[in-house]
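Protein chains in written order, with the working numbering: chain A, -1 to 173; chain B, 30 to 511.
Honestly, the hints are just simulated from the structure, not real lab data.
Any given hint could turn out to be false.
30 Å max Cα-Cα, derived BS3-like pairs, lysine-lysine [unchecked claim]:
| no. | chain 1 | residue 1 | chain 2 | residue 2 |
| --- | --- | --- | --- | --- |
| 1 | A | K154 | A | K27 |
| 2 | B | K419 | B | K394 |
| 3 | A | K151 | B | K352 |
| 4 | B | K162 | A | K115 |
| 5 | B | K237 | B | K38 |
| 6 | A | K163 | B | K107 |
| 7 | B | K162 | A | K163 |
| 8 | A | K141 | A | K172 |
| 9 | B | K287 | B | K394 |
| 10 | A | K172 | B | K162 |
| 11 | B | K401 | B | K482 |
| 12 | B | K287 | B | K352 |
| 13 | A | K115 | A | K154 |
| 14 | A | K163 | A | K27 |
| 15 | B | K40 | A | K154 |
| 16 | A | K143 | A | K172 |
| 17 | A | K27 | A | K117 |
| 18 | B | K352 | B | K394 |
| 19 | B | K452 | B | K419 |
| 20 | A | K27 | B | K162 |
| 21 | B | K352 | B | K392 |
| 22 | A | K22 | B | K162 |
| 23 | B | K162 | A | K117 |
| 24 | B | K107 | A | K143 |
| 25 | A | K159 | A | K115 |
| 26 | B | K422 | B | K397 |
| 27 | A | K141 | B | K107 |
| 28 | B | K162 | A | K159 |
| 29 | B | K482 | B | K397 |
| 30 | A | K115 | A | K163 |
| 31 | A | K143 | B | K162 |
Anything over 12 Å on all C-beta distances counts as not near chain B; from chain A, calculated [what the hints assert, rightly or not]:
| no. | residue |
| --- | --- |
| 32 | P41 |
| 33 | T81 |
| 34 | I82 |
| 35 | Y84 |
| 36 | S86 |
| 37 | N93 |
| 38 | L109 |
| 39 | S111 |
| 40 | A155 |
What you are looking at is a predicted structure, and each value in this text was computed from that prediction instead of being measured.
Glycine included, every Cβ here is placed at the ideal spot set by N, Cα and C.
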Amino acid sequence: MYREVLPLLLASAFFCSAQNPISKEYQVKAAFLFNFTQFVEWPQNALLNDDTPLVVGVLGENPFGSYLEEIINNETVESHPLTIQYYSEVSAIENCHILFVGADKMEEMELMSDSFKSKNVLTVGDTDDFIYRGGVIRLFIEKGKIQLQINIKAAKASELKISSKLLRLAQIEKS
Amino acid sequence: MGLADIPIKRKLLRAILLTSGAVLLITCSAFFTYELVTFRQSTLSQLSIIGEIIADNSTAALAFNSTSDALEVLASLKAHPHIEAAGIYDNEGELFAYYPQELKGSNLPDSVGRGGYRFIDSYLIGIQPIINKGNRLGTLFLRSNTGAITERLKLYGYIVLIVILVSVLVAFILSRKMQGAITKPIGELANTARAISDRKDYTVRATKFGNDEVGELTTAFNQMLDEIQVQNKAIKSFNSDLEDRIEERTSEMEMANKELEAFTYSVSHDLRAPLRSVIGYSMIVLEDYSNKLEDEAVQYLNIIISNAKRMGQLIDDLLAFSKIGKREVSKIPLNMEMITTEVLEEIKDVSKQVDININEMLKTKGDKSMIKQVMTNLVSNALKYSMKEKEPKIEVGSYHLNGDNIYYVKDNGVGFDMQYYDKLFGVFERLHNHGDFEGTGVGLALVHRIITKHEGRVWAEAEVNNGATFYFSLPSNSKEIE
Chain A
-1 MYREVLPLLL ASAFFCSAQN PISKEYQVKA AFLFNFTQFV EWPQNALLND
49 DTPLVVGVLG ENPFGSYLEE IINNETVESH PLTIQYYSEV SAIENCHILF
99 VGADKMEEME LMSDSFKSKN VLTVGDTDDF IYRGGVIRLF IEKGKIQLQI
149 NIKAAKASEL KISSKLLRLA QIEKS
Chain B
30 MGLADIPIKR KLLRAILLTS GAVLLITCSA FFTYELVTFR QSTLSQLSII
80 GEIIADNSTA ALAFNSTSDA LEVLASLKAH PHIEAAGIYD NEGELFAYYP
130 QELKGSNLPD SVGRGGYRFI DSYLIGIQPI INKGNRLGTL FLRSNTGAIT
180 ERLKLYGYIV LIVILVSVLV AFILSRKMQG AITKPIGELA NTARAISDRK
230 DYTVRATKFG NDEVGELTTA FNQMLDEIQV QNKAIKSFNS DLEDRIEERT
280 SEMEMANKEL EAFTYSVSHD LRAPLRSVIG YSMIVLEDYS NKLEDEAVQY
330 LNIIISNAKR MGQLIDDLLA FSKIGKREVS KIPLNMEMIT TEVLEEIKDV
380 SKQVDININE MLKTKGDKSM IKQVMTNLVS NALKYSMKEK EPKIEVGSYH
430 LNGDNIYYVK DNGVGFDMQY YDKLFGVFER LHNHGDFEGT GVGLALVHRI
480 ITKHEGRVWA EAEVNNGATF YFSLPSNSKE IE
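Isolated chain A, as found in the complex (with noise of 0.2 Å):
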């Protein structure tokens, strides 16, 4: 996937000049989120099923635009398919493992808060209160790359298992 992107990234670097920046960070955020599912392990009752898909999840406006169909498409994590599936309301929402919370969702994210524990799903935002408000990974820029802020609580509350390969790179929230 990266092999594919990055070929793209710099043709269109080339050839849009007024390229706008955002879109950048939001290619190597849907990367992530693919990543992320390589790092976490979600219960049995997730993924009941070898071949029961992964589904990733985008709350709200599309930031990403076409790239994270061009990663997640074909791809599969320990033979669950990866889908992508996009909501525009909390209540459309029925299995999704990753779910990336717009800055406008917020609010429906912190109402949902117990079903998203109970149906073990892993919340990632990028707004600067994401973790207080119940988020379990947030994703900020510092020093020109992307790092990682990820609550511990949360995620045992979801039953999700992260990596502590992943958890080395974050900074840990454990309140």
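Chain B: place on chain A using the hints.
Just chain B, lined up with the frame of chain A:
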């Protein structure tokens, strides 16, 4: 010094040390090689384990682009003393992070090839794909020097050396102690044998150590010495017996000889006297009374006189023969040519018609009168027996042979039958009738006696009616005579 000449002790020691050394060397080499091979394997597998661990730990760093985390993971390689360089490459082949921090860029390859761990030149190179849950994230490059192997080799080398040295030392000490059991008995035996042969003392016996082959050798050796002693005694007593007997015989013979000589001398002397009377008185009768006697009586008287003279000649010869026995042989230089000439002068009358040829006569040493007698006898014999020939010829000469001078007198007379050669030089032996040739049978015996006294040899060759040649040998020393 050939291998066979080295003393037994050293031979044994060398054999044992060489054997132990060779065995040790082979064993140590085998283990050394085995260790080397397996150690290389284990170094390789160790690196591959490290590679896998590092790769596994750096998945997240690669996935989430965290260089600092990757560096942290690589930094743990510090613990390995032989890993010189490491690098993490992303899926595009770009270098993502490297170790150690001081490393210059040229020390890491620009791109990495196929995966695997192998020895390249003097390095151990590892290429480890970084995979998480089936997804390839990048590649890990590791380079380790073979210092571990070299160190191990050195360590083993020292151990082998020490082991070999200690073992050889122990082998040396042990074998020195134990070789005595073999070499001591042998050495003692050799010493005893040498002592016996040096001093010719056959009473010495060798000490027996143990009942092995050397012990058997010692016993046999001692038995041989017993035999030698017994035989020596026997020989000595036999020798002294012999010597006693020889003395006896010699004195017996000497006595007999003396008696014989005395007898001959006195007999000849006593026989001479009456003979002189016979001859003398017969001649007086002839001179004074021949006119009163008949021819027959005169003839008878002549016969008496000639026979008596003959007898006198015989007695003279016998006397001369016995005298020779008594006299010492003087060894003065002789001029044979002169002697021969003198002899021929004295018999000039008789030899007038004969063709006498004198060749070179080599000089020699001896008793002059005796040798002259020899020449006289031989030459007169030659004359006597060739007189009847139409053209009597005599040849006298000499030649050199094997350090002796050989003199010969050759005639072309009546010769003799070689069948009777044994009787030739016997006393009173005659091979011809008295009617054909005069003679007493003593002449040649005298020649034989004289030449034998000069420590020479006499011999002859002849054919009936075809002449005879008589030879005698005298020592040759022409150098001393000049």
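Verification of the hints:
A C-alpha spacing of about 23 Å is found between K154 of chain A and K27 of chain A, which places the hinted pair at or below 30 Å, so the restraint holds. With a C-alpha separation of about 37 Å, the suggested pairing of K419 of chain B with K394 of chain B is violated against the 30 Å cut-off. About 163 Å separates the Cα atoms of K151 of chain A and K352 of chain B, which puts this hinted pair outside 30 Å; it is violated. As the CA atoms of K162 of chain B and K115 of chain A are separated by approximately 25 Å, the hinted pair is consistent with the 30 Å bound.
For the hint linking K237 of chain B to K38 of chain B, the alpha-carbon distance of about 19 Å falls within 30 Å, and the restraint holds. For the hint linking K163 of chain A to K107 of chain B, the alpha-carbon distance of about 20 Å falls within 30 Å, and the restraint holds. Taking the CA atoms of K162 of chain B and K163 of chain A, the gap is about 13 Å. The hint holds against a cut of 30 Å. Straight-line distance between C-alpha atoms of K141 of chain A and K172 of chain A comes to about 24 Å, which keeps the hinted pair within the 30 Å bound.
A distance of roughly 28 Å separates the Cα atoms of K287 of chain B and K394 of chain B; the hinted pair therefore holds under the 30 Å criterion. For the hint pairing K172 of chain A with K162 of chain B, the CA-to-CA distance comes to about 27 Å; that is within 30 Å, so the pair holds. Taken as a hint, the K401 of chain B and K482 of chain B pair is honoured in the structure, with Cα atoms around 14 Å apart against an allowance of 30 Å. At most 30 Å may separate the alpha-carbon atoms for a hinted pair to count; K287 of chain B and K352 of chain B meet this at roughly 12 Å.
Distance check on the hinted pair: K115 of chain A and K154 of chain A sit about 9 Å apart at the alpha-carbon level, within 30 Å; holds. Only pairs whose Cα atoms come within 30 Å are accepted, and K163 of chain A paired with K27 of chain A is accepted, the gap being roughly 18 Å. Taking the CA atoms of K40 of chain B and K154 of chain A, the gap is about 86 Å. The hint is violated against a cut of 30 Å. Taking the CA atoms of K143 of chain A and K172 of chain A, the gap is near 23 Å; set against the 30 Å cutoff, the hint holds.
Our distance criterion of 30 Å between C-alpha atoms is met by K27 of chain A and K117 of chain A, whose separation comes to about 23 Å. The suggested pairing of K352 of chain B with K394 of chain B holds, with an alpha-carbon distance near 21 Å, which does not exceed 30 Å. Between K452 of chain B and K419 of chain B the alpha-carbon distance is near 28 Å, which keeps this suggested pair within the 30 Å criterion. For the hint pairing K27 of chain A with K162 of chain B, the CA-to-CA distance comes to about 20 Å; that is within 30 Å, so the pair holds.
Under the criterion of a C-alpha separation no larger than 30 Å, the hint pairing K352 of chain B with K392 of chain B is consistent with the structure, at around 26 Å. Between K22 of chain A and K162 of chain B the CA atoms are separated by roughly 26 Å; this keeps the pair inside 30 Å, and the hint holds. The suggested pairing of K162 of chain B with K117 of chain A holds, with an alpha-carbon distance near 23 Å, which does not exceed 30 Å. Proximity of K107 of chain B to K143 of chain A is assessed by CA-CA distance (about 27 Å); at most 30 Å being required, the pair is judged to hold.
Using a Cα cut-off of 30 Å, the hinted pair K159 of chain A and K115 of chain A holds, with the two alpha carbons roughly 13 Å apart. A C-alpha spacing of about 26 Å is found between K422 of chain B and K397 of chain B, which places the hinted pair at or below 30 Å, so the restraint holds. About 28 Å separates the Cα atoms of K141 of chain A and K107 of chain B, which keeps this hinted pair within 30 Å; it holds. For the hint linking K162 of chain B to K159 of chain A, the alpha-carbon distance of about 15 Å falls within 30 Å, and the restraint holds.
A hinted pair counts as satisfied when its Cα atoms are at most 30 Å apart, and K482 of chain B with K397 of chain B qualifies at roughly 13 Å. Note on K115 of chain A and K163 of chain A: the hinted pairing holds, with a Cα-Cα distance of about 23 Å set against a maximum of 30 Å. Restraint check: the Cα-Cα separation between K143 of chain A and K162 of chain B comes to about 25 Å, which is no more than 30 Å; the hinted pair holds. Here P41 of chain A stays apart from chain B, with its beta-carbon at least about 17 Å from theirs, past the 12 Å limit.
Chain B leaves T81 of chain A outside its interface by the beta-carbon criterion, the shortest separation being 17 Å against a cut-off of 12 Å. No Cβ of chain B comes within 12 Å of the Cβ of I82 of chain A; the nearest lies about 18 Å off, and the non-interface call holds. Taking the minimum C-beta to C-beta distance to chain B, about 24 Å, the non-interface status of Y84 of chain A holds against the 12 Å cut. Here S86 of chain A stays apart from chain B, with its beta-carbon at least about 29 Å from theirs, past the 12 Å limit.
Separation of N93 of chain A from chain B is adequate, the least Cβ-Cβ distance of about 21 Å exceeding the 12 Å criterion. Every Cβ of chain B is farther than 12 Å from the Cβ of L109 of chain A; the closest lies at roughly 30 Å, confirming the non-interface assignment. Every beta carbon of chain B lies more than 12 Å from that of S111 of chain A, the smallest distance being close to 26 Å; the non-interface claim holds. With a least beta-carbon separation of about 23 Å from chain B, A155 of chain A lies farther than 12 Å from that chain, consistent with its non-interface assignment.
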